[in-house]
Amino acid sequence: MPQVTLTVNGKTSTVEVEGRTLLVELLREKLRLTGTHVGCDTSQCGACVVHVDGESVKACTVLAVQADGTQVTTIEGLAKADGTLHPMQEAFREYHALQCGFCTPGMVMSAIDLVQKHPAGLSEKEIREGLEGNLCRCTGYHNIVKAIAAAQEVMHGRVQTLALAGD
Amino acid sequence: MNVVTPFEGIGASVRRKEDLRFLSGRGQYTDDINRPGQAYASILRSPHAHATIGGIDIAAARAMPGVVAIFTGADMPDLGGIPCGWQIHNKDGSPMAEPMHPVLAVDKARFVGDAVAVVIAETKAQARDAAEAIEVDYAVLPAVSTVTAATAPGAPLVHDAVAGNICYDWHIGDKAINEAAFAGAAKVVEFDLVNNRLIPNAMEPRAAIGDFDRTTDEYTLYTTSQNPHVIRLLMGAFVLHLPEHKLRVVAPDVGGGFGSKIFHYAEEAIVTWAAGRVCRPVKWTCERTESFMSDAHGRDHVSKARLALDANGKFLALHVQTLANMGAYLSTFATSVPTYLYATLLAGVYTTPSIYAEVKAVFTNTVPVDAYRGAGRPEATFLLERLVDVAARETGIDRIEIRRRNFIPSDAFPYQTPVALQYDSGDYQTTLDAALETAGWASFEERRAEAATRGRLRGIGISTYVEACGIAPSAVVGALGARAGLYEVGTIRVHPTGSVTVLTGTHSHGQGHETTLAQLVTDRLGVPLAQVDVVHGDTAKIPFGMGTYGSRSLAVGGSAMVKAMDKIVAKARRIAAHLMEASVEDVEFDRGTFRVAGTDKTKSWGEICLTAYVPHNYPIEEIEPGLDETAFYDPKNFTYPGGAHICEVEIEPETGITTVVNFTAVDDVGRVINPMIVEGQVQGGVCQGIGQALLEACVYDAEGQLVSGSYMDYQMPRANDLPMVSVATHVTLCTHNPLGVKGCGEVGAIGSPPAVINAVVDALKDYGVRHIEMPATAAKIWGIINAGHRLAAE
Amino acid sequence: MYDFEYHKPGSIADAVKILSADPDARPISGGQTLLPALKHRLNKPTSVVDLSGIAELKGIRKEGNKLIIGALAKHHEVAESDVVKGAIPALAMMAGTIGDTQVRNRGTIGGSVSNNDPAADYPSAVMALDATVVTDKRRIAADDFFQGMFTTALEPGELLVAIEFPIPEKAGYAKMRNPASRYVMAGAFIAKTGGKVRVAINGAGPGVFRQTEMETALAANWSADAVAGVKQSAEDLNSDIHGSAEYRAHLVTVMAKRAIAAAG
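Residue numbers (UniProt numbering), protein chains in the order written: chain X, 1 to 167; chain Z, 1 to 794; chain S, 1 to 264.
Okay, chain X solo, but in the shape it has when bound (with noise of 0.2 angstroms):
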């Protein structure tokens, strides 16, 4: 069987697995990091995506042994050690961004890659394009389009702390 050595929020691990295990696997299931969850068969809801070596993908439709010698980040990986959350994951709760939480793993790490993609900003329908790989059926999107527009100004620097969503 293969072996796969690869580094997960900062922690290396060589891990056993077939030709065929998915990368979701070797984390959900040789990690038991279950944050990245998968919701599709045909690579379009992105529930499950991660990051590698440093850009967004799904974790679904990547062989855990093509991520041999990858720095992964997942969710687990994106607050700080004291528990201070990403300015993403803190902009999702303060805009209401998530209600089940299924797809909020994949969208938070598919928001963060598209506003790192963006430094110039991204308008709200550019936001929308940019979640074009990300599904979530409870919130119409309205609150997460919101939430990343407010996260990518602290992202860039611009403001120093999340503007306030309001009551």
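Don't read these hints as lab results, they were simulated from the structure.
Predicted, not measured: the structure shown is a model, and the values here were computed from it.
Wrong hints could be hidden among the right ones.
Said to hold, decoys possible - Quick list of in silico lysine-lysine cross-link-like pairs, PhoX-like style, CA-CA up to 20 angstroms: (1) Lys44(S) x Lys124(Z); (2) Lys11(X) x Lys117(X); (3) Lys8(S) x Lys66(S); (4) Lys117(X) x Lys17(S); (5) Lys192(S) x Lys85(S); (6) Lys304(Z) x Lys187(Z); (7) Lys314(Z) x Lys187(Z); (8) Lys571(Z) x Lys601(Z); (9) Lys170(S) x Lys66(S); (10) Lys30(X) x Lys124(Z); (11) Lys39(S) x Lys124(Z); (12) Lys8(S) x Lys85(S).
With chain X's structure known, arrange chains Z and S on it following the hints.
The following block gives chains Z and S in isolation, referenced to the frame of chain X:
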């Protein structure tokens, strides 16, 4: 702690308590749970819509690597069928046809996806590998996939014993009065329409883990359910014949339900039963493509409607005939959806004096159909609100004006409709006025003209609706055929230091109950939100409960909590009276402080709680120690949220693509506990409604194959398909529950589809369009526009 | 997914050796098409040969009047490449609209072109730009390479190495996505290279094809009006629950007009 700061009680948009774990990947969904030594189940499903099963050869599969066991229907002779929870009666008083729904198909497969065998293996992949190696001897039979095909003369029978595929032929209302009203009408508008079949698609696929402890004979089922106690009841009593005390059902974090996780599914019984057989935990996780063919679908009505009007546009009578698709078997609440959750809503917000509705429920070779967000009420609202627009057009009366003329006036409540319901409160004129104002209805023609300069067809549509939720009074639904009571249960467990644990029989799978239910406690008892935890979803922890659906959690579950808190306060006042040496009648309680009226003698919440558990100075002869109360609350009536939704669309004629450019919802959901959460619920519901109206279609071909069988063909609404949704509330209180709440979970999905289609029809008004069936896809709209061009050319 | 042996060769020669020896071995690069198919058990390779470690398949460069894109170039790289943006902006734009961000971060041009999904984007660019497909054995003209749905001139064991795009004077691409799958429902890539016009249509038919009537019309008059006058026949076009062949035929003209507008 007398004053709660910041304000966290009723009416505060406090941020959700549950978010931290979801945002940090620490939710515990069923598939996240792993039991020691667990094996994995894979279910072999029928590829045929209708086939007899001659034999099942498991020999090759049994020899595959990792296989622990393989079971077929023949291995389960003692199990009961999957039960239906609501018995409907025919027009002649006879009961509906209720064919056996075996856990695994025995002699016949009746839809694509029907479970035929289960493989238990060491890994998920091995289970699937072996399932593929099972040989089933199918003899394919002719199939029916639509109500129209199933009710045609000579149609193949889904169940041999069910003549004409009719499950029931039911009616409501007075036919003779109705016919007389039509006979005297100045104008009759006739209209046929379809309510499109949908696939719920909660983002978390279903999953179930069965566990068995042979030392105690106890079974545990972890499942993606909206109502674990109901599953325990249905599965324990009817299918597996297990007593409740030996069966625990846990519904942990659940990733959305929208109705589809109410029902008892065969897979739950399979893993629980199999765990006992193999004496190991057995885990099954549905793949999305498998969900498409095994989760209950929604809607799927074909209707004919007639509306009688007088010369002034007042509605005199409504007659509706509906064929409702049940699928191949009766799912848990399937039979109630097109009857008591549909036809009883056909009065809408109008004073129509006579309504007669006839509903035939029809078996087809398709996945069972059951409640999906709104369940029956979206179908009623769509029919009525499209019909009203058509009537406006055909009478020449403005579509706002015709609604105003027929509204139930705000001073007419309680209002008895001709279809059984009594609305307790509402104010339809005001919600309409507010929506018109917010949406800029008056200036719409300017926007239409501006859009035309860009080559776009712009349209606006409205829907004014009422729904019935907060289900339901047990005696009423019992008389109508429900096989369960629909009360709710709440326990308020006050701890010695004054913090509180709430045990609720409702279940949160996105609704934010851990926050809103805690806010009720904060508001009533004055305990800071951080010191209130809400526990749900485990039959071993919660006394009892009927779960979450039909927007019932606050109206029924919240009311149970209020009753329990009343008991807590009553007892606490007696303790306080004892400590302050006053009479109980003189002790007032307001958010954390007990005071002897008219004096400065007070005791804090914390002091009373501690005394209850450390009863050194205590009226021990009169009351027991402790502060822990449970209440069952059975509602007196349904609740009746209502409101007005306005949709504005633009159509690109060249492609037929419709874009929703504005959406305004003004809803009366009763008292609002957390405005942020209410807005989120309405936004999400509206977007599901937009999905139904423009995007989503569950399509079967004539042979019963599911054509829209994955996200490659079923269009889920994406972020760039949807607009921002303007949400506002106008409150009239529910008059019969202690919180005055009505419910907000379904209003969005109920009110929005007709607003969208009314807008699309309005945009196409120059093309001679009377109606467009949902979903109004780009291809469909281009077809209409293209045909229009041809008409013009000819 | 059925299990398979996994190989990660370091050179084209090593990859070809494995692929030639075993007719049931499949190459994988980004895997964005192959893995979903494998997950649905639509095919059962004995071996999967991961090409991602082969340096010879990488790189984007301009050589004279040609843009050469290595098979392993990811859609995101092509979309963001200054070389591509400078040489053939329409190609960079197209790459930026394939699938979604996560697909673009993994999927490669070599995988897309050698798979030849009728609803994929790249084949229309390769066809319209009259690109040359370079394999480990030979050079294949676009017109000879695409041979209908999921079929190409590649022989078993033959590996796509790079694609050479002549740099056009003008090029534009427009598509309408299938509302559910978001693959292409109808798309048109139009290019004028060395004075010759080529129009390639994807999504609408069973494979990418050239719309020669539009080519003729555009050669005479490079304008949206010229293609508007050409009516695409619905015959042989796809028809499904998302749209009739007639609708797709109409969209072909609409997308061709938009492609011209985009090309300028």
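These are the hints, each one checked on the structure:
For a cut-off of 20 angstroms, the pair hint linking Lys44(S) to Lys124(Z) stands: about 18 angstroms separates their Cα positions. Taken as a hint, the Lys11(X) and Lys117(X) pair is broken in the structure, with Cα atoms around 25 angstroms apart against an allowance of 20 angstroms. About 30 angstroms separates the Cα atoms of Lys8(S) and Lys66(S), which puts this hinted pair outside 20 angstroms; it is violated. Proposed proximity of Lys117(X) and Lys17(S) is contradicted: the alpha carbons are some 39 angstroms apart, above 20 angstroms.
Our distance criterion of 20 angstroms between C-alpha atoms is met by Lys192(S) and Lys85(S), whose separation comes to about 17 angstroms. Straight-line distance between C-alpha atoms of Lys304(Z) and Lys187(Z) comes to about 17 angstroms, which keeps the hinted pair within the 20 angstroms bound. Distance restraint check for Lys314(Z) and Lys187(Z): the Cα-Cα separation of roughly 10 angstroms lies within the 20 angstroms cut-off, and the hinted pair is therefore satisfied. Distance hint between Lys571(Z) and Lys601(Z) is fulfilled; the C-alpha atoms sit about 18 angstroms from each other, no more than 20 angstroms.
Annotation: proposed proximity of Lys170(S) to Lys66(S) holds, straight-line Cα distance about 14 angstroms (limit 20 angstroms). Restraint check: the Cα-Cα separation between Lys30(X) and Lys124(Z) comes to about 14 angstroms, which is no more than 20 angstroms; the hinted pair holds. Distance restraint check for Lys39(S) and Lys124(Z): the Cα-Cα separation of roughly 13 angstroms lies within the 20 angstroms cut-off, and the hinted pair is therefore satisfied. With a C-alpha separation of about 32 angstroms, the suggested pair Lys8(S) and Lys85(S) falls outside the 20 angstroms cut-off, and the hint is violated.
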